[in-house]
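Q: The lines below spell out each chain.
2 protein chains.
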Amino acid sequence: MPPPLPILQTQLAPGVIDLGLGNPPLSLLPLEMIRSAAQRALSQNDNSFLQYGAEQGDGYFRLALAEFLSKGYGFQVAPENLFTTTGISNGLDLLCTLFTEAGDTICVEEPSYFLALKIFADHRLRVVPIETDEEGLIIESLEEKLTRYRPRFLYTIPVHQNPSGRTLTETRRARLIELSRQFDFLVLADEVYQLLNYSGEPPKSFGAYSYIENIISLGSFSKILAPGLRLGWIQTHANIIKRLVTSGLLDSGGGLNPFTSAIIREVIESGDLERNVDELIETYRPRVALIDSLLREHLPAVTYSVPRGGYFFWVRLPEEMDAAELRNKAKVVKVDIRHGALFSSQNGLKNYMRLCFVFHEEKEIEEGIVRLKGCMEGNF
Amino acid sequence: MPPPLPILQTQLAPGVIDLGLGNPPLSLLPLEMIRSAAQRALSQNDNSFLQYGAEQGDGYFRLALAEFLSKGYGFQVAPENLFTTTGISNGLDLLCTLFTEAGDTICVEEPSYFLALKIFADHRLRVVPIETDEEGLIIESLEEKLTRYRPRFLYTIPVHQNPSGRTLTETRRARLIELSRQFDFLVLADEVYQLLNYSGEPPKSFGAYSYIENIISLGSFSKILAPGLRLGWIQTHANIIKRLVTSGLLDSGGGLNPFTSAIIREVIESGDLERNVDELIETYRPRVALIDSLLREHLPAVTYSVPRGGYFFWVRLPEEMDAAELRNKAKVVKVDIRHGALFSSQNGLKNYMRLCFVFHEEKEIEEGIVRLKGCMEGNF
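Sequence order for the protein chains is A and B.
The numbering of the first sequence is this note's numbering, which starts it at 1 and goes up by one.
The numbering of the second sequence is this note's numbering, which starts it at 1 and goes up by one.
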């Protein structure tokens, strides 16, 4: 029999526990919810969503999304400030095309999401890392780099950051916004985890500042519904929206995902999306406590902060340990992690690892951490 | 009552006949076909297409597409040479990001598809136009420009070109491929109309040359099924595919449209796509003869070649006439066209207009041309 053709981006070999993988599991991707929404959307006598769509995205989809976000974010979101994307990666790529040129400088957090760094590399941007601490971006470090490099934009994951799990504080957000005006750079806020909160409410989404031209919030259905939909949004000032909708890509192809938007509009309007987010939170919340207790029990030499939302624990190993080496050892016992250097734009952070509590269920997480313990007690 | 929210990219005012618009009409976008495919795809106990998808595109979708193209193109298409996109505009945009930098030179046909030119402008590429005649690109003109400018790529619409309706001959294709190797540039062949043939078969798709690293064929479901799906493909050499699938965008977001691919795979496998293409051809074919006879009868001063496929008549007005002025006059009587200068990268071709025979039905086309006659008999 020929091997099956690839469908998934990541296919784990049998028995492998990938504690680093930042994907939702198949078991939490709500097929029935989407099937039923598709049936409703496609049974109406309206096939407009099969035509080239409005560049900004289907107006009724944006209206439904605005209402959903208004409730979830706790402030009024206007459909006029929303632009439909095929996900945050697509949004970042488009913003790079329209607002940068090869050789331009941008700033990112250190650590940052390693695959966003690859998008910036494809656009041949010079990346200047900004130090972070428990409260997120260190503003003094940012200010110093702004003065020196005059970046075109700052890419930040301000809430439950990937990989650090940290959230930028209110005070620092206010300073960041001031600086964005003073130094005239864009803030690209990747807020993919904004609605996944397990203890308390985070600061307001940067979408709350869409009256300021420099502030761009990027959101996605990948972590609150399903990544395969390739659907997301940008919330920003009318002038930025105008640049997006008049780009060649949009002018030529029309709206970025009219068909899927029409179906997901039904998921939102029925209340199913809100219910899905609630369920995800109930599922993920106990895992945070679980990982915390497992790490204390089995890996007492590591340090970390307990995340209040999102997907990740950012775990600091003893200073002399290299997480890439740990990763190699772990692979022998069929465990994987993500090593810190992946998230560094200067090949640093070698004694950190990212663990995700979303993809595997409780028993596998425990088994994975026990196996990891064996690797750490070995040659290190 | 508030005005309806925008869903469509182009919404004609009541009574307007837009003879220039290159969109399929809503009446030919097969809702029932897609509804039934969605029902089949979403009723199986497999939700893989909701997960981050394989970067190259769902393997089974590519297999179905390869079989469909093999039959339609008349040569063997391998799924390994196919990469799933969200349409040709998306493919062009991604290729520009990965293979060019701001300031690079590229070549395009004169005339060419004006919205592709906008995509190239967003990437800040220098566009060098290549003259064309009834047989497509003039190879001597291309060769001279290649020597002078060493472009990164040539963008061509080699079959039933937009706007000219012309098809690049076999002999010239062979020379173009030789030149692409000699001068080391990529050929980006936008073959959106390759399967819409109303009289005879065109030369083979450039996909037939995907064993050559310089040759990239771009295809789309927009004109053979529905634009709102945002689904297309690139057929090319393994090395180009490798660069695409290892890009930051793909590495981060996974395959570009897994959800829609899973549904459209059903449309292909059921034979519905092939039936749909056959129906479109039967619908469009008589309109070519109709426009030909209407132009002879009502606009005897113009010249043109009758297209053998695609969407467009490229109509030459008397030398002193400016189609942009004609367009302004026509708007008064609620008719629209596309004026030649839109398709020129050097603001030329002023006495040409593009007419499309796809969007409006026979009666409206006739009414539109009669109104246009009135405008031409006026002040010109």
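Hints were generated in silico from the structure; no laboratory data involved.
Mixed in with the good hints, there may be bad ones.
Since the list can't tell identical chains apart, any single copy or any two copies may satisfy a pair.
Capping the alpha-carbon separation at 30 Å, the derived lysine-lysine pairs in DSSO-like fashion look like this [as the list claims (entries may be wrong)]:
id, residue 1, residue 2
1, Lys242, Lys118
2, Lys71, Lys329
3, Lys350, Lys145
4, Lys242, Lys334
Bear in mind that the values here come from a model prediction, so they are computed numbers and not experimental data.
Q: None of the hints should be skipped; say for each whether it holds.
A: Checked hints:
no.: 1; hint: Lys242 <-> Lys118; verdict: both (27 Å within a copy, 15 Å between copies)
no.: 2; hint: Lys71 <-> Lys329; verdict: neither (46 Å within a copy, 50 Å between copies)
no.: 3; hint: Lys350 <-> Lys145; verdict: within (23 Å within a copy, 51 Å between copies)
no.: 4; hint: Lys242 <-> Lys334; verdict: between (49 Å within a copy, 27 Å between copies)
Violated hint for the displayed structure: number 2, the only one.
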